[in-house]
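Top line first, the protein sequences correspond to chains A and B.
Positions 1 to 325 (my numbering) are the ones given, in order, by the first sequence.
Positions 1001 to 1319 (my numbering) are the ones given, in order, by the second sequence.
Hints listed in this document are in silico derivations from the structure and should not be mistaken for laboratory results.
Misleading hints may appear alongside valid ones.
To be verified - With a straight-line Cα cutoff of 16 Å, these simulated EDC-like cross-link-like pairs (lysine to aspartate or glutamate) come out: (1) B:1165 with A:55; (2) B:1021 with B:1255; (3) B:1135 with A:185; (4) B:1272 with B:1212; (5) B:1165 with B:1212; (6) B:1165 with A:51; (7) A:2 with A:185; (8) B:1135 with A:51; (9) A:198 with A:226; (10) A:15 with A:279; (11) A:252 with A:271; (12) B:1003 with B:1200.
Each chain is listed here by its residues.
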Amino acid sequence: MKEIRYIKAINEAIKEEMERDETVFLIGEDVGIPGGSFGASRGLYDLFGPERVVDTPISEAAITGLAAGAAACGLRPILEIMFMDFMTVCMDGIVNQIAKMRYMFGSQYRVPIVIRTPSGAGLNAGPQHSQSLEAWFAHVPGLKVVMPATPYDMKGLLKSAVRDDNPVIVVEHKALHALKGSIPEEEYLVPIGKANVKKEGTDVTLVTVSRMVHESLKAAAALAEEGIHVEVIDLLTISPWDRETVFNSVGKTHRLVIAHEAVKSFGIGAEISAAVCEEIMDDLDAPVMRVGAPHVPVPFSLEKTYLPAAEDIIAAVRKTLERTF
Amino acid sequence: MKKPAKKMLIQMYEKMILIRKVEERLMEVFSKGEIPGFIHVCIGQEATPVAVCSWLKNSDYMANTHRGHGHALAKGIDLNLFMAELFGKANGFCRGRSGSMHVADRQLGILGANGIVGGGIPIATGAAFAASYQKTGQVTVCFFGEGATDEGVFHESLNIASLRKLPIVYICENNGWAEFTPQTVHMPIRNVADRAGAYDMIAITVSNEVLDIYQAAGTAVERARSGQGPTLLEVKSARWHGHFVGDAQKYRGQEDIETARQKDCIADFETKLVKEKVLTKMDITETGDRVHRQIEAAVSFARESPFPEPSELMDDLYA
């Protein structure tokens, strides 16, 4: 095992996959000589050269379409969109083109594209550089969406995403870039579509993702001191999400809280809650609770007030324990 | 640039006739309700796809538009399976999932017609990027209308293609109408080719004459294939009909429609071929009859083909 930062895990995954497969290339703004605006591609330009580490103009819409065309014609692009907020500029390419190319053309084309994008608040980057928009993409058939929370999962999921023959959106969290964690020296993969039970518990199931995994573990540790045993599930993949793991856990605890950083309204928490209510309502002993951001843009100075944190999760867990049917 | 041989001239003529007659037949079956949804015909614009595709190999890539039947036919798509797709049948190129607006044929490098105006432009640029990356020598051609050149992706893509000297030819079929809006209303310039200057890209504007387009396209395709980079080729084309079949064109004066119809690329070519003794009047009649029979056979094939089963709805969403 070795200690590695989340940002370096991204770097290693890209490097290893580019070494393994010559059709893999990295494209984006400032990914080449600058090494990426968060340093994810540092050193890769020197290793692979300008043909495979491709700096582009600030043209998110065109480079998304370019990745679609390149993928349809036999390459495996890793496209970096510098901030998830900028994905809004790529929406035709992602939603109308990439997500539909396989189905719409009668499965003639495969579109093995990875779109990596740093999301989330915590750096006081303001309303246009701090959003968590994963639910938008999970809503579109044809895309896969993953949101790793640790260096281990980031490296393993990113490598799996590169090898997947479908478009995969890999949502990084900016506030986790510096996070350290242990990973094996040898190669490994983390499967797409499989959740991870981070902490077993018997009283409440807590489904979470990305930065909120860490807040959830903090909340679970605090609650454990009071004798409340929370089962923390890191969803890892938003679409397609691991229903089996979540349903099994709810079958055991009979209570569910879902915590994510994105605004609560119309978020992934709503989807998971609805699915649990549709499929295993009889297993629930209390209403499902959601923890998410309020329905406002991410403010510059009130960011801490805005961000959901461990206290909010603790409050939601208490509520679901109090409100037995 | 060399003049096309007699055989090539005849081939081009036949393709143009095929496209026009397919479109005319589609207007009939669509109007009778045999095909649901929308179709957009390219009558009046047959010269451009035929002249451009005359220079292409099967392995070369093509991206095109909602008004894309002519491009697919010019690239050589199988008429029966093309027709089956338009009828929404399970044996169509896209298993009945695309209909008229998204016909694709991977074997012929047809990346799929695009229902989003300008949507195919960055995709084609990506195909050219792939050919350049893999050093395959393939050329990409990308068709779009003048309306698409108001989209950001047009400018972004041309900028990138020029920067990287990608093997691509951008072909603007300027028919004067962006859906229901004339060029004078949405663009302060008359020649779309002027836009290439901003990207240090070679550009040329030609008339709707098939041989003019053929010469210009030949130069552009050769430039792309030899690694000298992209070209923007603008054709002053003509849209005889509405934006879609059934469009009453209340926004368009009769005079404008008449002017468009006078730019008849097929009649002009026919006159030239007869005058130069490439074709006789008899050849022309025979060609028309042969093409008519092919189209009738394709329509019958499409009618008799099965619709997709409801059980296929969720197939192949993911690889």
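We went through each hint and held it up to the structure:
Note on residue 1165 (chain B) and residue 55 (chain A): the hinted pairing holds, with a Cα-Cα distance of about 15 Å set against a maximum of 16 Å. Taking the CA atoms of residue 1021 (chain B) and residue 1255 (chain B), the gap is near 24 Å; set against the 16 Å cutoff, the hint is violated. As the CA atoms of residue 1135 (chain B) and residue 185 (chain A) are separated by approximately 35 Å, the hinted pair breaks the 16 Å bound. Pair hint residue 1272 (chain B) plus residue 1212 (chain B) holds up; C-alpha atoms about 13 Å apart against a cutoff of 16 Å.
Our distance criterion of 16 Å between C-alpha atoms is broken by residue 1165 (chain B) and residue 1212 (chain B), whose separation comes to about 25 Å. Restraint check: the Cα-Cα separation between residue 1165 (chain B) and residue 51 (chain A) comes to about 13 Å, which is no more than 16 Å; the hinted pair holds. Note on residue 2 (chain A) and residue 185 (chain A): the hinted pairing holds, with a Cα-Cα distance of about 6 Å set against a maximum of 16 Å. In summary, the hint linking residue 1135 (chain B) to residue 51 (chain A) is supported, as the alpha carbons are separated by about 11 Å, within the 16 Å threshold.
Restraint check for residue 198 (chain A) and residue 226 (chain A): not satisfied, since their Cα atoms lie roughly 19 Å apart, outside the 16 Å limit. About 42 Å separates the Cα atoms of residue 15 (chain A) and residue 279 (chain A), which puts this hinted pair outside 16 Å; it is violated. Pair hint residue 252 (chain A) plus residue 271 (chain A) does not hold up; C-alpha atoms about 20 Å apart against a cutoff of 16 Å. Straight-line distance between C-alpha atoms of residue 1003 (chain B) and residue 1200 (chain B) comes to about 29 Å, which puts the hinted pair past the 16 Å bound.
Hints 2, 3, 5, 9, 10, 11 and 12 from the earlier list are contradicted by this structure; the remaining hints agree with it.
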